[in-house]
Amino acid sequence: MDTTGPLSSDGLVQLLTPSGERIGHEQFDAYASHLTAHDLRAFWRDMTVLRAFDMEATSLQRQGELGLWVQSWGQEAAQIGSGHALREPDFVFPSYREHGVALTRDVDLVEILRIFRGLQHGAWNPADHGFHLYSLVIGTHALHATGYAMAMDRDGLVASGTPAADGAVVAYFGDGATSQGDVSEAMVFAAVNNAPVVFFVQNNQFAISEPATRQSRVPIADRGKGFGIPSVRVDGNDVIASHAVTRWALEHARSGQGPVLIEAFTYRRGAHTTSDDPTRYRSKAQEEYWAERDPIARLDAYLTSTGELTDEFRAQVAAECKALGERTRTTVRSWSKPATATMFDHVYALPHATVEAERAWFERYESSFEDLEAAR
Amino acid sequence: MTATIERPSAGASALPPAPTTLTMAGAINAGLRAAMDRDPKVLLMGEDIGALGGVFRVTDGLHKDFGDDRVIDTPLAESGIVGTAIGMAMRGYRSVIEIQFDGFIFPAYDQITTQLAKMHYRSQGQITLPIVIRVPFAGGIGAVEHHSESPEALFAHTAGLRIVSPATPQDAYDLIQQSIACPDPVMFFEPKARYWDKGEVDTSRVTAQLDAADGEAAGTAEMARARVAREGSDLTLVAYGPTVRLALQAAEVAAKDGVDAEVIDLRSISPLDSDAVVRSAKRTGRVVVVHEAPTSFGSGAELSARVTEQAFFHLHAPVLRVGGFHTPYPGATFEHDYLPSLDRVLDAVDRVMQH
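Chains A and B, in that order, are what the protein sequence lines are. Under the numbering used here, the letters of the first sequence match residues 4 to 379, in that order. Under the numbering used here, the letters of the second sequence match residues 4 to 358, in that order.
Check before you lean on any hint, since a few could be wrong.
Claimed, not checked - Which stretches of chain A does chain B cover? Using the computed rule of at least three CB atoms under 8 Å from a CB of chain B, they are: (1) 121-133; (2) 189-197; (3) 342-352; (4) 355-361.
What the hints assert, rightly or not - Examples of chain B residues toward chain A, derived with CB under 7 Å: (5) Ala80; (6) Ser82; (7) Ile89; (8) Met91; (9) Met93; (10) Ala162; (11) Tyr198; (12) Pro274.
Don't read these hints as lab results, they were simulated from the structure. Since the model is a prediction, treat every value here as computed from it, not as a measurement. Ideal Cβ positions, reconstructed from N, Cα and C, are used throughout, including at glycine.
Bound conformation, chain B alone:
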C-alpha cells in the first residue's frame, strides 16, 4: 500500500445543521465525522467498522466517505489493534479504535495498561499517544455472555488513562471530539442501550471550542467535569452513562413523595469530578451512587470514599451504592434482576432518607 492521507474528505456539508435532533449513535457518528474533517491524521480502526458500519452502525457511512485509508477494517485481534495504533501515534496519527463489545476488550488489556497508559510517563513526556478507545458497554439489551459488561473501574485504576462515558446525545457529540483532540489516551465508554435515545444536539459549540487556540486543553478540562442533570436539595444521586436516565426517573418518582433529589451525571470516571459530588453532598447530606458495574471495588466505592473523606461531617446517612453484583454478568433472563432498577434505586433513596 502506498496510501496517502490527502484523500478529499466528505466535507462539512455532510454534517447535520445545528442544533438538531440526533440519537446517541448518530451523535457519535457525527462527532467522528467532524473530527475526521478537522484533522486528516484522525483514523478509525476496528473490526467490521468499514462497509458494515460497525455492529451497532456507529461508523455508518464513514468508510464510504473517507475510504480504506482512514476507516480501517483490522484483523480480528484487539491487542493488535491497540498495539499498532500506538506505533502509528508515534508518527502523529490519532486513531479512534472501536472495540466491538465490552467483554472483548481483555485481549487488549495488556497493551492498554502496560503500554498505552504508561508511554508518556516512560518517555518523560517525549511521546504522547492521543488514542481513543470506544467501547460499547453495559447491558439491558438481552445479549449473550461478554456483550453487556461494565469494566470501566478496571481501567480507572490505571494512571495514564482518561475515562469518559456520555449519557446524552449532546455529551456524546462533544465528548467524542474532545477525546480525539486530547493528547492523552481516552477510553470512551458508550452505553449501548442508550444508542437510540434521541436528544437535541448543538453542533456548533464544541466546534468553536476545539477550533480555538487552546482547544485541546479547554476540551480536556471540560471533559473532566461532571454535569448537574437535575437540581435538588434532599439527596444526591450520582450516575454516569446508562444509569443517568434511571437516576432521573428515580428523582421524578421520589419528587412525588416529596423528596427532592439532585442528579449528577459524572461524565468522566478518570479524572473523577468528586469535587462536584462533594459540593452537592455538603448541601444534601445524602449520596447514592448508581452504576451497572459491580459495586464491589467499583467507581461508586471510590466516590463513596472521597465523599466520606471530604464531607464526613455534612453527611446524614452512609453513602450507598446501587449496582451490579459480584457475579459474572448473568444470562439475559436475569439481567433486570442484576442491573440497578428503578425499585432498587428508590429503595436506596428510602434508606438514606430514613436518617
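Okay, chain A solo, but in the shape it has when bound:
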C-alpha cells in the first residue's frame, strides 16, 4: 500500500490509538482535557446515529426512493469531533458529505434527503443553524467561507475583548478540492486579511477514484506554510484528537490570529456516491486495513475499557437509531413532488420579465390539458 507523500501518516496528532488507548500530546491534550465521560458518550452516540442514518439512506437509494446518496461512512470522527468544537456565532461552509457536522449543528438529518430526492437544492435555512447549504462545485465555498469570516471581523465578532462572544468560520472540503484554484485563492484572501477561518480538509484518500497522490506530492497540511497559514495534521479517525485540534484552531481564529489549515487524515469507507464502484480502483486489502482503524470501533474500545459504555446506553442508542430509521423511511416516502410551477420560484428576489413570461406560458400550457380533460 502506498504510504508516501499525501498518503503518509507521519506527524498526525493522535489522542486515541486505533486499539482504543488514550494517549497524551504535548500541545493538544489541553484541548481535550475538558471532555467528560458524558461528552465522549455523546460523541459515540452521534457517530453511531450518523452511521445508522447513512446506511438507511443508502438502502433508500437502492430502493429507488432517492436519486443519489453520498455516504459519510468512515469519516464520522473527523466530522463529529470537529463539529462539537463549534458554538455560536461560528458558521460552517460544508462541502456535500458533511452530514455529521450537520448533525452537530442541529440540522434534521432526514431533511437533507430532500436534496437527494430531487425536491430542492437546499433543505435548511443556513442562518438558523450556522451551517451553509451544501456546495457541489468543488472548492467554491472555501471563498464564501473566507468572505463570511472577513465580514465577521468587520462586524466586531473577532478578538472583541469578550472571548465568549467571538466567532469563526470552518470550511470543510476534501483532498481533491485542494487542487482547485478557488481553494488556493481562499487561502490567499484569508491570509492577507487575517480572516478568522479554519480550512478543515478531510483527506479521505480519494477524489472519486483518484488517490490523493494525484492531487499532491506532499502531505496536504504542508500547503499551508506557503500561504503563511499555520497547519496541523490530525488522525481524522480519532474523534478526540479531531475535536481538540479544531478547538485549538477555532480559538486561534476567534482571537484574531488568523486562518488555520487542518488536515484530517481519514478514509472514505463507502463509495464516493451510490453511483460509484470502488472495486474498480482500490483493493480489498486497503479497505480491510482501514476497517481496523474504524473511528467508532476505536472510541467504543476506549469507553468499554473504562467501563463508561454500559449495555443500557448501547440499547438506548440502538433504539434511537431504529426510530430514526423508521422516521426516515416514512418521511421520505411521504414526500410528493411539489407543484411544477414552483420551479419558477426564487430565481430572482424581485420579478424578472423572462421568468414571469415563461411561468405564465407554462401555466397556460398545463391548464390547456385540464380544458381537454373537461371537454371529454
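Given chain A's structure and the hints, the job is docking chain B onto it.
Here is chain B on its own, set in the frame of chain A:
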C-alpha cells in the same frame, strides 16, 4: 484587522450639484459615492481601485474619502473577489466589484454562474446576494488582447443574473445606484470607449426614487426598461452600451435620405425589454440590432427571435444583426473592420428598407 463600518463618510457635500455635466466615468464615480453615502454596507472591491482609482480612474478619490475598509484593493484573483463578496453578502454587505477588463472576467465565471446566480434559488429565497459586478467592456480603444471584448451574452444565458449597460452619463448615474440597491446580483457593463463622453445628469431624481419606501423595487423595475433614444417610423434600430451613439448617428444620416429611424437603447440585457422593441417593430415593420458582441448566439439573435415570434405578421423585412464576427477580437489595427461601423449599420438599414 478589527475594522468597523462606522467611518464617517465624505458626506453629500462631495456630490455634484443637480443637474450637472459629467462624463460617464464621472457619473459612475458620483453614483458610487452616492450609494456609499446612502448605505454604510456598500463596499467597493477590485484590483487597483484604491490609491490608483482604478485603471480607468472610475473610483478616483473614493479610497481617500472612504478608506481601506470600504474601498478594498483585493489580491489579483477574480474568482476570489466574487467568491469572498458572496460570503460577505451573507452577512449583509453589498459589494460593488470592479473587474479590470472584460477579458479578465473568466476566472470568476464559475463563481458568477454556479454560485452568485444560483444561491437565491438554491436557498429558496433565504439568501439574497446584492452584488454588483462592474465590467468595463467593448472595444474601440486600440488595446491589446482581452481588453476589448463583449461577453454579455455569456452571462445573459444564466438565470439569476441581471445585466445592464448604460449608454449615457445619466443612465450610468441612475443605473449604478439602482443596481446597488437591487437585491439580485447585477452585472454592470460599462462601455469603456464612452467613459469620457459628456452629458447632463440630473442627480436628484434617482435619489428620490431610492430614498422612497419601495425604492429597491421601483429602481429594479425601471432598470429593466428600454429607452426610446430617438423616435421614428420607418425602421427600428436597437442598440445598447457603446453602440447607442452609433445607432443615433446612423439615424441622422438615414434621415437625410428620407428614412426615419427609431432608436431604442435597451439599457438592460437581462431582463430584455423585448416588449418595447416589439411595440416599435409593430409600427415600423423593420428591425436592425447593433451590438459589438459577435452576432452568432448573441443578444441580437435572442431579440430577433422574440420579434419574429411576437411581431411576425407586422414585419416587412427579416430582422438583421450588425455586430462582431465569430473570430477572437482581432488586433487593434483590425478593430474598426471588426466593430459595427456607421457604414455597416447604414448597409443594414438599406437592406431592410429594400423590402
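- prompt: Going by Cβ atoms only, is Ala162(B) closer than 7 Å to chain A?
  reply: With a closest approach of 5 Å, the Ala162(B) hint holds.
Hint validity - Met91(B) Cβ closer than 7 Å to any chain A Cβ: 4 Å, holds
Per-residue hint verdict: Tyr198(B), partner chain A, C-beta under 7 Å: Where the cut-off is 7 Å and the nearest Cβ of chain A is about 29 Å from Tyr198(B), the hint is violated.
Assertion that chain B covers the region 355-361 of chain A - criterion: three or more residues, beta-carbon distance below 8 Å: As far as the region 355-361 of chain A goes, the hint holds, because 4 residues have Cβ atoms under 8 Å from chain B.
- prompt: Has the region 121-133 of chain A got at least three residues whose CB is nearer than 8 Å to a CB belonging to chain B?
  reply: With 6 residues closer than 8 Å to chain B, the region 121-133 of chain A meets the three-residue bar; holds.
task: Identify whether the interface hint at Met93(B) stands, where standing means a beta carbon of chain A within less than 7 Å of its own.
output: 6 Å, holds
- request: Would you settle whether the hint for Ser82(B) is holds or violated, based on the nearest Cβ-Cβ distance to chain A being less than 7 Å?
  value: This interface hint holds because 6 Å falls under the 7 Å limit.
query: Do the numbers back the hint for Pro274(B), that is, is its least Cβ distance to chain A under 7 Å?
result: Pro274(B) check passes; min Cβ-Cβ to chain A is 4 Å, inside 7 Å.
task: Tell me if Ala80(B) is really an interface residue toward chain A, meaning its C-beta lies closer than 7 Å to one of theirs.
output: 4 Å, holds
message: Given a cut of 7 Å on the nearest C-beta pair, is the interface hint for Ile89(B) held or broken against chain A?
response: 5 Å, holds
field: Coverage of the region 342-352 of chain A by chain B (three or more Cβ within 8 Å)
entry: With 5 residues in contact (Cβ-Cβ under 8 Å with chain B), the coverage given for the region 342-352 of chain A holds.
query: Quick check: the region 189-197 of chain A, covered by chain B? Criterion 3+ residues, Cβ under 8 Å.
result: holds (count 6)
Comparing the model with each earlier hint shows a violation of hint 11 alone; every other hint is respected.
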